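**Student:** With chain A fixed as given, assemble chain B onto it according to the hints.
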Amino acid sequence: MSMRRSEVKRLESVASFCVLGVLVLIVAGIAVKQFRYDIGRFGIAPDTSETTSALSAKEPGTGNSGGSLLNELVPAQFRPLSEPSFYTADNLYEKINGKAPLYLESGFEKLFTRRLISRSQADLWMELFVYDMGTAKNAFSVYSVQKRSDAETLPGKRFAYKTANTLYLAAGRYYVEMVGSAASDILAAAMLELAEKINENPAVGDTAIPELELFGKEGLTADSIKLHPAGVFGFDGLSDTFTAQYRLDTETVTAFFSKRASSREALQLARQYYQFLLDNGGRDILAEEPDIKMVDFYGTIEIIRHKGAFVFGVHEARDAKSAVKLSEKLAENFTD
Amino acid sequence: MAPQTGNTRREFIARAAKAGISIAACGVVSYVLYDKKGPDGKAESQDLVTIPDFSVPTQANRTMAVVKGPDRVNNLNKAIDLLGGIERFVAAGDTVAIKPNVAFASPPIIGATANPELVAEMVRLCYKRGGAKQVIVTDNPINDPASCFMLSKIGKAATNAGARVVLPRKHLFEYTTVKGGKLIKNWPVFYGPLSKIDKLIGIAPVKDHHRSRASMTMKNWYGLLGGRRNIFHQDINTIIAELAMMIKPTLVILDGTEVMVTNGPTGGSLSDLKRTDTLIASCDQVAADSYGCGLLGLRVADLPYLAKAQKAGAGTTDYESLKPIMAV
Chain A
1 MSMRRSEVKR LESVASFCVL GVLVLIVAGI AVKQFRYDIG RFGIAPDTSE TTSALSAKEP
61 GTGNSGGSLL NELVPAQFRP LSEPSFYTAD NLYEKINGKA PLYLESGFEK LFTRRLISRS
121 QADLWMELFV YDMGTAKNAF SVYSVQKRSD AETLPGKRFA YKTANTLYLA AGRYYVEMVG
181 SAASDILAAA MLELAEKINE NPAVGDTAIP ELELFGKEGL TADSIKLHPA GVFGFDGLSD
241 TFTAQYRLDT ETVTAFFSKR ASSREALQLA RQYYQFLLDN GGRDILAEEP DIKMVDFYGT
301 IEIIRHKGAF VFGVHEARDA KSAVKLSEKL AENFTD
Chain B
1 MAPQTGNTRR EFIARAAKAG ISIAACGVVS YVLYDKKGPD GKAESQDLVT IPDFSVPTQA
61 NRTMAVVKGP DRVNNLNKAI DLLGGIERFV AAGDTVAIKP NVAFASPPII GATANPELVA
121 EMVRLCYKRG GAKQVIVTDN PINDPASCFM LSKIGKAATN AGARVVLPRK HLFEYTTVKG
181 GKLIKNWPVF YGPLSKIDKL IGIAPVKDHH RSRASMTMKN WYGLLGGRRN IFHQDINTII
241 AELAMMIKPT LVILDGTEVM VTNGPTGGSL SDLKRTDTLI ASCDQVAADS YGCGLLGLRV
301 ADLPYLAKAQ KAGAGTTDYE SLKPIMAV
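So the sequence lines, in the order shown, correspond to chains A and B. Going by this note's numbering, 286 is the number at position 286 of the first sequence; the sequence numbering is gapless. Going by this note's numbering, 267 is the number at position 267 of the second sequence; the sequence numbering is gapless.
This is chain B alone, in the form it adopts within the complex:
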């Protein structure tokens, strides 16, 4: 009789049972440890903030004003008067935040940043005619914030006009998600300055932009994002539209006195600039940018983010439907 080489039935059953228990145990442990959500890149206990709506009630045919002329400060005063005066936008005792484009540590003459005189005049208007309790001027620039505010001369101009300059600090950032947005989800924003204000005014120059073709009032809100925001450049049209969804400003000022027509957004040479002597004040940022793109020789259709923002309800590209007030 040949020797028995296989297992007995008893041994087979015992081994099969052990193997079965091991597999089941692995399955249970895997199920318990499985993270269905996956990493979200932030602390789990982090609360999301919602940026308030800073817009003011609409007034028929007083949504947008376009003023032509070489003096941007005069143009600003005139445009705001045409929209009903600063009192319509700033009430006595309000705290106002002004968000100029201070993206780069570059001199004001090259037009890569908002004009310091324009920022200062807006601060003065808020205080003197609006009766604001406090005006803050803030941005989270691309370059070192202190250098940007100093070299662009916006810091000094704002301070001299009585504003408080707020530079970005870690504790001033909170996480937010734009409802209906695809990119701004659980993303850090420069929320601190916006959390205690009543009104928000954006001031941006009209600039050529290598990636988005144009940088104006909607793109200006990019300066409120924190984190590795450069990854959004891969989908620049969506992010600009979402910025317009995220921020509902009281007023935007689009400065087209001298526009950067080439080599944007940094420019450098005075020859990158062209005088178009135009300033736009608008309660509708999409309308302002839709008008402003014409100063760069572009059509609304050339900037897909405008249509996206309109579709999301952030404003209208058909600025003529707003019957903009034109003045010289």
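The shape of chain A in the complex, shown without the other chains:
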């Protein structure tokens, strides 16, 4: 009997030590984790060390590897006014504050910035913002939705324009802003020089955005295509949506399309958008074609369709027939 009890005790001891070992590991894990909680994520007030870093005399990320990219971008008659600075999604707000969500929604990866000053005139300087958006499509999105009303397109460059004191361009995965301290010919020439250098830089990568070809050319207003990351026409569900202006017989309307993951998703989104319009005061109009949803929205016509994985349509038209015709032309390009 005593032998049997001794065997049982040995087994119990091994099992107990195993259980205790697991418990010790759990306690150690909790102890380590609790001292590494992310105050930003949990919304707890930060300690003063957070404040200290925010008050650092230097800008975040100064001297980071992003500088090598910017080192090549100094116009001939200019010199750096500051070291290159580097921002990620975690601290983008430190540079552009409330505008950060616009970039974050569009796939932002990194931002490199640097100020450059004229060697001859101390009051002429510019700040260069190079946003790495990951893909040409993402870069085009932030470029297109921010395009200024007085944009002067640059000859020979597909996605580039200037205003009195700025130059903006999308080149492959990069969206670039150059903001000058004044409306100056010297600054404008320097910005053009930088634009050339950026376009020639192999780091811009693939520049193709196949979706842009899905808008038919007939009646299309030049440079009117935009890619919206979310919330198109006030409807949250309509994300990742291309829009373009078309000149019809008597009016200019907006055509749109969004490619979803599947035909089923496209159908569902089309229905949701149609319902959204009805819920907000729209009135259903019976269309001649069964696959077209048409809504009278406070005096303008909204057309919603789907084909394959595409949701598409026409926004704010007055002439229903022309709008339907435009939607038919759009449909021809959606082969999925």
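If you are wondering where the hints come from, they were derived from the structure by calculation, not from laboratory data. Certain hints may be false.
27 Å max Cα-Cα, derived BS3-like pairs, lysine-lysine [stated by the list, open to error]:
| hint | chain 1 | residue 1 | chain 2 | residue 2 |
| --- | --- | --- | --- | --- |
| 1 | B | Lys128 | B | Lys248 |
| 2 | B | Lys156 | B | Lys133 |
| 3 | B | Lys196 | B | Lys153 |
| 4 | B | Lys274 | A | Lys226 |
| 5 | A | Lys147 | B | Lys274 |
| 6 | B | Lys179 | A | Lys9 |
| 7 | B | Lys196 | B | Lys133 |
| 8 | B | Lys179 | B | Lys18 |
| 9 | A | Lys217 | A | Lys329 |
| 10 | B | Lys196 | B | Lys156 |
| 11 | A | Lys33 | B | Lys248 |
| 12 | B | Lys128 | B | Lys153 |
In silico contact screen, one side only, chain B against chain A (beta carbon under 10 Å); selected entries [what the hints assert, rightly or not]:
| hint | residue |
| --- | --- |
| 13 | Gly84 |
| 14 | Ala105 |
| 15 | Ser106 |
| 16 | Pro108 |
| 17 | Ile236 |
| 18 | Thr238 |
| 19 | Leu270 |
Keep in mind the model is a prediction, meaning the values are calculated, not measured. Note that beta-carbon positions come from the ideal geometry of N, C-alpha and C, so glycine has one too.
**Tutor:** Chain B only, in chain A's frame:
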């Protein structure tokens, strides 16, 4: 007789007692160590500060003035005169803090920051006509503070007018909680410059804002927050309303001479700006912003933080009830 394989009654009782004592001991230790409050993210001994009320007594029909014209400096002088003169707001010997919007290290022409000439003129008014003992100009910008004050030209303009520029430093931050607030709890604020002053004047441009739709005088106080304040952008309407609850200024100046109508709050291009030739001086910051949103083509209802601030008692969105003094 089969061998006995189970425990004796004595052994069972002894083991059960040991197990019971172990469980009870664990319970006692857990109870003693349990932190009912949880981590609050700051030192336990930290004292909270309350930002003083810097407002001046109200005067009937002299709460808000709106002056139209292309020259913002003239408009400022006129607006303050219409409200009773700077003497109403600044007494001889006062120490005055001016809080312009110096959020970005950007050139003044793009309108992302307060106009340096306007800031300088306010400093001069406080000294020359108000008899202020000292005027300080301060902000805790988004970008590097020294660069912001230098490139926006506010630092030089303020200094030339005789003001002392106070840049944020670690020791100038204290923790505060806004009474009735949801977000500003035990949060660091740029309290140092406010702790030794008699009056506080805010100066902000009218700007489009990607998140809140408009940035004006109430949003300008964002520059007094420390820490990872960007997390408040998730609830932008509440934080702006709480800023208005936290700060009771002597006067706010809303500069709508050129407003940033698109691509705010950073802007960049001159084409983001539109001339509206309007300057508002107001003792009621909610009223000032309620008027100012019209310069961006917005209605009061488009900016939920205005109603929230009114509900919290920070001012009124019905600016017409204040009978604002209009002048050209």
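**Student:** So which of the earlier hints does this model not fit?
**Tutor:** 6, 8, 11, 13 and 18
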